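Asker: So you can see what is in the structure, the chains are spelled out below.
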Amino acid sequence: MAAIEDMTEVTSRPRSRWGNRLERREARTALFFLLPGLIGMVLFLVVPIIASVVLSFTNWKLLGTPEFVGFSNYVRLFTADPQFWPVLRNTLFFTAEYLVLNIVISLGLAVWISSLKMGQRWFRVVFFLPTFTPGIAVAIVWMLIFAPDGFFDFLMRSISVQIPSMLTDQTLAMQAVVIVSLWAGVGYNTVLFNAALDMVPQSYLEAARIDGANAWQRFWKIRLPLISPTLFFGTVMTAITSLQVFDQIYVMTRGGPGNATATLGYAIYQRGFQNFQMGYASTIAWVMFAMIMALTAVQFWLQRKWVHYDS
Amino acid sequence: MKLSTVLAAAFLASSALVATAHAQDKVNLTWQMWGDEKDTALWTSLADLVTAEYPNITVTPQISGWTDYWTRLPVLASSGQIADLVAMQSMRMPSFYSILEPLDDHFASDKFDTSVFESSIIAGLGHDGKQYALPYDVGPWMVFYNRDKFAAAGLAEPALDWTFADFKAAADKLTEGENYGYANQAFDFIAGPVALGAEYFNDDNQFDLTNAGYLGAVSQFVDLTTVDKASPVFASGAGAVTASGRFASGNAAMYIDGPWSLISTQGAVDFKMGVAPLPRGEGPSRFITAGSGWGISATSQHKEEAYKALQILTGPKAAEILASAGRALPGRLAAQTYWYDVAAKDVSGTREVLAYMFEHSTPFRLNQYWNEFENLLTQYMPLALNGDSTTEAVLADIQNQLPF
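Protein sequences, first through last, are from chains A and B. If you read the first sequence in our numbering, its first letter stands for residue -1, the second for the next number, and so on. If you read the second sequence in our numbering, its first letter stands for residue 31, the second for the next number, and so on.
If we strip away everything but chain A, and leave its shape as in the complex, we get (with noise of 0.2 Å):
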């Protein structure tokens, strides 16, 4: 009873919680060993975060002082910018072609080894060594084997297949960056998409064996929306990766050949750290954020339809 009278005291007057001595004292501290972490986030993602919006406002060239310019950064980025709406496209295009082979094929080979009697988890380890190669490293690797007259083409003369070199053609050049980043990047969402197959209740599966379901339907009716939650994380997070990608095209192409696989986040380093022009890589920066916020949203916005929580 007491307890009931102290709980509605609480909740019927809660700008008193912080009345009280003792709790603000424990905030003290909570907020003294907090404090390693806070300053760095303060100074390494906040004031940076503050800063890059300031500078997108300014013609800021690192060499100089900055001069405040108002939108004109972002009603150049619009609508002079000639290469603007191509770089969207190809982050655009990357992305979904990305997203859909990664998902599809990260998907198809965790529920291959969920279903391997035996050596499951050396296939685990083998799907994830890629994730912690270094993605400059892995990068070289794959433009010396697609390389104008390297590896890759020595195969497919070898095969007589007439196909152009790679990095040379326009489409082409966009897929060996697809398929280097898959290479990298799919291991990741296997051993997670793996290990959430691993947690389905073999009993739900056993009841529908039961019940006459089929391989297929078990996959479909009770696998598949049981992970789901996994499955929507796996394909937000990767969605944002491809978003930013820039390793790959910064080592394999350069965003060439022409602008075929030039990125938002090729686009950022380029006008940035090559042509000096912070202010303006500032404003596609934040195109670029506005954006994956943008499609984030939506993300979870379509989860409500297809994501199953267990509660």
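Note that these hints are calculated values from the structure, not bench results.
Straight-line Cα separation of at most 27 Å, DSS-like style, residue types lysine-lysine; simulated pairs:
| hint | chain 1 | residue 1 | chain 2 | residue 2 |
| --- | --- | --- | --- | --- |
| 1 | B | Lys56 | B | Lys333 |
| 2 | B | Lys198 | B | Lys259 |
| 3 | B | Lys347 | B | Lys56 |
| 4 | A | Lys59 | B | Lys333 |
| 5 | A | Lys59 | B | Lys160 |
| 6 | B | Lys347 | B | Lys333 |
Treat the numbers as computed from the prediction; the structure is a model and nothing was measured.
Given chain A, work out where chain B should sit, using these hints.
Answerer: Just chain B, lined up with the frame of chain A:
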């Protein structure tokens, strides 16, 4: 309150005085330079020359990789952490001269005469009539060729004033099966057209890539790939199997490079190689040169000492050390002979070819957007070479993306 302020000010002033007094005693200069780790000993030995001459000055090299160097430089400069001595390449001077101290007043004070250096690189390390750096190396773009392949094909060695027609005939004749007569790369579409007499700038030093002369000259080089199939298409990515790789493996008989690569290329090939000037067009030969040097940071606290150090680092002894290591063809004329004896000792005719090329050097015209131009050329030229687009459309596209 007031007294404490006065005391604090007095303390600060006195400590500043003490600091200055110390600075006169012993000065440590930082020296920003690019290179890889194996060069560290070389740069350190140069730094030691400074201390040997001026015991109160020590120079500490700060080495970073070539690509990183140019990303770090503006970042360090804008955050006030730039070194006292700064390495600069002639082609990047129009973008970075503002972070360097003009040297002309220092030259006047000790009556220093820059004519001891090759004139084209002195011009290259200046901007708007002011000198911002002193060179340690220089060189023109030239043709590296496989002498064994020339001999096997029954071709005469290139003459000093060979024409584009001669070059094309050689490239065609040396192309056989999967081997190319010549392997192009992005910069060839700058150095090559200039040698043919074309200009990529208008009279106001702004890009004019679609003028008939430049378009025609670039097209001549593009045709070697698209029409004659005598050269492969280069890929826009960094460090893909490059022209030098093709040359070393015997896949290409000629490519364009500079004296700065001669020692490494020579070490990589197992055939006899030669060098020739770039082919000329209808008119007389003309060649652009580039090189690098060191300047003094405009914000350095020790400009006097830095100038003294600079004189040693670009002095005769330092040039001799660098040249004897084969590292660079010295910008200092008197020291060039050491380089010929080391880096060029197995490449006959290098001395004559370079003498001819320096004699016919033409100012390398640059502006502040040069870096963007080179990047765009690397990114877009493959489209003209693989036949997806025309040379005219590619040059128009690049022109359209340049600020001027």
